[in-house]
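Novice: Each chain is listed here by its residues.
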Amino acid sequence: MELNDIIKPENLVYGKPRLMNDNPMHYCPGCSHGVVHKLIAEVVDEMGMEDKTIGISPVGCAVFAYNYIDIDWIEAAHGRAPAIATAVKRLNPSKMVFTYQGDGDLAAIGTAETIHAANRGENIVIIFINNAIYGMTGGQMAPTTLEGMKTSTCPYGRNVELNGFPLKISNLLAQLEGTCLVTRQSVQTPAAVRKAKKALRLAFENSMNKKGTSVVEFVSTCSSGWKMSPEKANKWMEENMFPFYPLGDLKNV
Amino acid sequence: MADEIKLMKGNEAIAHAAIRYGVDGYFGYPITPQSEILETLMAEMPWEKTGMVVLQAESEVAAINMVYGGASTGKRVMTSSSSPGVSLKQEGISYLAGAELPCLIVNVMRGGPGLGTIQPSQADYFQTVKGGGHGDYRLITLAPSSVQEMANFVGLGFELAFKYRNPAIILADGIIGQMMEKVTLPPFHPRRTEEEVRAECPWAAQGKISSRSKNVITSLELDPAIMEENNIRFQKKYKLISENEVRYEEYRCEDADYLLVAFGSSARICQKTVENARAEGIKVGLLRPITLWPFPSAAIAKYVGQVKGILSVELNAGQMVEDVRLAVACQVKVEHFGRLGGIVFTPDEVLQALKTKLL
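Chains A and B are the protein sequences, given in the same order.
Just so it is clear: in the first sequence, position 30 is 30 by my numbering, and no numbers are missing.
Counting from 1 along the second sequence, just add 253 to a position and that's the residue number in my numbering.
In isolation and in its complexed conformation, chain A is listed as follows:
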């Protein structure tokens, strides 16, 4: 095929989602956030829900998620996104409502809000980026930091006697009657991205079908916080994160 044919619109096989704007992202090279943002933008657009979707952004690296996806957004206080989403959805039942939260936001400071929103079976989607570290504040220990993993606040590695154990919060959420979907995904390969997008679509559909709370955890990398190249971070994630946080559906009813 000639170049002039290749660039014809009918031959396009990939493009930037319509709802993603041109703002330069503040995320580091290799970070999983950008890919997950892209998936949200694609799914919302494909569902035709642009005018009905309200996103709740967290405190953490994704605090500026609202700069990149052109839908209405509410920026939450640290950890409070599920409480905010609860009211947004209950007061606006025809809207599609999701939170976007990191591990510190969702599983440390916001544990109560997360568990109770899920236990009430709020018809919302909780998107959970688990990279086992606090990215925005410069690489401190997260509730999901693995045993032995080094961060700036556990510089000799997480010691469970001192810091407790890494929290498998999705397993906990899967126990609750209010959740209908709790799934662990990743976005480090094209195949994983395709699978993750399906899970995300199902989660959003569940919320509109009033099935209860859907939680999509993305086991993610933080190459800056982990002090690794993006390539090495992906490998490290597969070798160390996946055994402790195995991918797949924890619950899908």
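Source of the hints: derived by calculation from the structure; they are not laboratory data.
Hints should not be assumed to be uniformly reliable.
Claimed, not checked - Below, simulated EDC-like cross-link-like pairs (lysine to aspartate or glutamate); rule was C-alpha separation at most 16 Å, straight line:
id, chain 1, residue 1, chain 2, residue 2
1, B, K467, A, D22
2, A, K195, A, D51
3, B, K610, B, D510
4, A, K38, A, D5
5, B, K467, A, D70
6, B, K467, A, D45
7, A, K52, B, E447
8, B, K467, A, D51
9, B, K416, B, E449
10, A, K52, B, E448
For this one, chain A is given, so just place chain B on it according to the hints.
Specialist: Showing chain B alone in chain A's frame:
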């Protein structure tokens, strides 16, 4: 139809007024002495009548953030609590002020600090009018002194909150919350339709329609130059509120030689003090601030030159007295009288204090 007069507690009046005013959502957590608000709403089941959402949250922190969420979509939403619970809400209140979100908060004060007591107090004056949460912000503060005002201030609070895109708070206390009085409930207003909410709140996160760019509700701005501009805008708004929304009531002040300044339940007690003092030949008047912020400074300053002394009467160790002193700029003697920790003064105790401190 004739006005419906009912006998009820101040807390119950708030709940009924909320339903009648067309409030969209209430989010609360039980705490004495204000749990009747949530209890009454749950018993009334307004979701079946008006579609109002009522939810018992897992904490005061969650409740105020539910208010933040509802307000972000332009809905009329409220929460209520008492002193220790309101302390927990301060984070959310600061965010609401920073994101310029209208809402109504109710604090039925009890004695503190800490877990304190469930008995009435006015010791959260500083917390409410001077800050409470972080940052330079103000809350429109209404201080009811009757069950009727508990009912009336629900509508007034929302009206002011939406007019200025700013949180409003009803600062009541355990007496006003718990005592029963006759009350004429406000007439029924239907809740606003989706279209009316969009028209009234074009800034709200309601889903991005093609005719506008996205709406983002946030208090965050990392560029200090823009953040300063935001703060200057807030201050301009607060100035506008101060110029236009001061409310107060005067009782027998025209010929007064001495002025009592008291709000809420203290003002009710001081009304009797005025009568008792006048029976003894001491000409005392009462000025009752209805808005604690904005504070009726100019109204108090008018009495410089007329009165020989002012007594600020509060159920605390001396909080509003600072604003009274600022109002008169040391041109007249201002003293404070209060009881603490849930003890309520009698009218004669107040009169005795007036004699001791000012006569």
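Novice: Find the hints from earlier in the document that the structure breaks and name them by number, from lowest to highest.
Specialist: 2 and 4
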